[in-house]
Amino acid sequence: MTTTLPLRTRGLSWRVRVRGVAVALIGLLLLALLMALNMRLGDIQMSLAEVVSGAFDVHSPAHFVIMELRLPRALTGALVGAALALSGAIIQSIARNPLASPEILGVTTGASVTVVAGVVASGSVTGGTSGLLTSLGIPALALVGGLIGAAVVYGLAWRRGLDGYRLVLVGIGVSAVFTNVKFWLLTIGDVTDTGRAMVWITGSLNSRGWEHVTPTALALAVLVPLALLGTRSLDALRFGDDTVTALGVRVNPARALMILSAVLLSAVATAAAGPIAFVALASPQIALRLTRSAHPPLLCSAIIGAVLTTAADLVARTAFSPIELPVGIVTAVLGAPYLIHLIWRSRK
Amino acid sequence: MRLQAAAVKLGYGDNVIVDGLDLGIEAGTVTTIIGPNGCGKSTLLRALGRLLKPQGGEVLLDGKRIDRIPTREVAKILGVLPQAPVAPEGLTVADLVGRGRHPHQTWYRQWSSDDEGAVAAALAMTGLADLAERPLDELSGGQRQRAWISMALAQGTDLLLLDEPTTFLDLAHQVEVLELVRHLHQEAGRTVVMVLHDLNLAARYADRLVAMRAGRVIASGTPHEVLTEELLREVFELDAKVIPDPVAGTPLVVPIGRPHHAHSAASASEIS
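From first to last, the protein sequence lines are chains A and B.
Oh and the first sequence: position 329 is 327 in my numbering, straight run, nothing missing.
My numbering runs 135 ahead of the 1-based position in the second sequence.
It cannot be assumed that every hint is accurate.
Here chain A is said to cover these stretches of chain B; the calculated rule only asks that three of the stretch's residues, wherever they fall, bring their Cβ under 8 Å from a Cβ of chain A [unchecked claim]:
1. 178 to 186
2. 206 to 215
3. 219 to 225
4. 230 to 238
5. 244 to 254
Beyond 12 Å from chain B on every Cβ pair, some chain A residues (computed) [said to hold, decoys possible]:
6. 22
7. 42
8. 44
9. 62
10. 115
11. 181
12. 196
13. 255
14. 286
15. 288
16. 293
17. 318
18. 319
19. 323
20. 338
21. 341
Derived from the structure by calculation, the hints contain no laboratory data.
None of these values were measured; they are calculated from a predicted model.
Built from N, CA and C at the ideal position, the CB exists for glycine as well.
Work out the full structure: start from the sequences and follow the hints.
Structural data, given as structure tokens:
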């Protein structure tokens, strides 16, 4: 059940969880499968051969659809899903609470407020949201808002150290305030502007292009290794603070570094696709159950986050074709029963 | 002197619990700190184990200020078992004990044969080898406490600080844990500092007793020197007889109690 294999060579040694490796490999396989399906399905159905020729042959009629529409969108979805899930796994470990997610860090709600404020304000100033704001300005606004939101939560939760429980409570409180500010902004804004803002705050992958893929991929290339290197201190941080110190870990710096990486991961994800609900909450818990480990495994959580988001976007894109739903609607519909299930279980 | 507190001032924020306390722990001894609730004994132990930073004075480990030594290096010399430690849910005994190897590991050396050997030895010493794969939540209080002690043992430190290692245990399990402590001290030559509530067990299993009251050390020395009827009155406000323990010869505290007993003794004599 919890079979582990020691892997040792010349002073290097690791412990490999057989089940964890299996889950990761199957997850990656599933992701590849979903990506392929995502390339094939849509308004224009394609065979796998057409997809491949579309990808590599610049003169193929499918080239534009694959390389400019479907591939960047699918890649954004997978990257964002992985980032959200990784962020969720870190937060759930630190808060020692399966109901914790980046929302309680103030990132997603903070981003929503600044984006809605930006859209509404620019609408009333320029009489409409320009293309530049949607492609460049919104991710930047979201990133800034997310980081400010996290700083507010962290600042209020800090009291001679950081307590996981206090962090959750402060996070929920701050999120409620941000959410209400967001609704207030939506009610005073112009109808067309707020309509656009609504799509963003639901979390959407519609018309995501390479300008979303590249920055997200670059950010993850830095943040994912950083988070994975922190796995060991995260393992220690699951214990009470005194035990963590006794084990030779500097509690506050270690925890601050892990929270910072979780904040940056979810801020980058939110900047690219808006606050997609439930991926960060559900993926670590699914990974935990599949690997039968005692705590959310980081790498498996990330892979499952990518699988979930890609699957959800496939449904969002094709289920009511030609209407494309925001992916956040699908994840929310799938996630709400899951959340109820989790709360129900923890009540027992 | 392996571990030393020099004029330490300890507390939480404005609430100062210990002020200007000096204490030295000699190598290879078992020292037990006793005292009434709230006298600062756990606070002192936390400071000795660098879990609490002194507001004044200093704690020295092998002559060096403990807060100037990297915490990871301290963790290779000094193990601390906090009072009522918290473990994450669903952890197995082997997982918990394995975590004790943390200070010896790096990201590229996560499970060496040394780690494996230390964990196996710690489990064997506490008699938990058969329960290694069981989740911690399924164990009895005594077994769980032994698992935590195993974790501190797997850390492989010369010095062990144990904060009330026998709380929540019945008498048989208390004795079992303290026998283990004595074994560690006698066989492996480790230096142990612990906080205990039971005075009779403290007297039996310690080389040195430190009696505290209101943040000050009132007496320290061998159990015979410290556990006297006068000291019990001064430190615990307890009237008691101290007789030799019929088994070990160490001091045995027999409380006299309140007028209730005097009254019943008196009425008994009236009847006769």
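Quick rundown of the hints versus the structure:
{"no.": "1", "hint": "178 to 186", "in the structure": "holds (count 4)"}
{"no.": "2", "hint": "206 to 215", "in the structure": "holds (count 8)"}
{"no.": "3", "hint": "219 to 225", "in the structure": "holds (count 6)"}
{"no.": "4", "hint": "230 to 238", "in the structure": "holds (count 5)"}
{"no.": "5", "hint": "244 to 254", "in the structure": "holds (count 7)"}
{"no.": "6", "hint": "22", "in the structure": "holds, 17 Å"}
{"no.": "7", "hint": "42", "in the structure": "holds, 47 Å"}
{"no.": "8", "hint": "44", "in the structure": "holds, 44 Å"}
{"no.": "9", "hint": "62", "in the structure": "holds, 44 Å"}
{"no.": "10", "hint": "115", "in the structure": "holds, 39 Å"}
{"no.": "11", "hint": "181", "in the structure": "holds, 36 Å"}
{"no.": "12", "hint": "196", "in the structure": "holds, 39 Å"}
{"no.": "13", "hint": "255", "in the structure": "holds, 14 Å"}
{"no.": "14", "hint": "286", "in the structure": "violated, 9 Å"}
{"no.": "15", "hint": "288", "in the structure": "holds, 14 Å"}
{"no.": "16", "hint": "293", "in the structure": "violated, 6 Å"}
{"no.": "17", "hint": "318", "in the structure": "holds, 41 Å"}
{"no.": "18", "hint": "319", "in the structure": "holds, 43 Å"}
{"no.": "19", "hint": "323", "in the structure": "holds, 37 Å"}
{"no.": "20", "hint": "338", "in the structure": "holds, 21 Å"}
{"no.": "21", "hint": "341", "in the structure": "holds, 16 Å"}
In the structure shown, a violation is registered for the earlier hints numbered 14 and 16, in ascending order.
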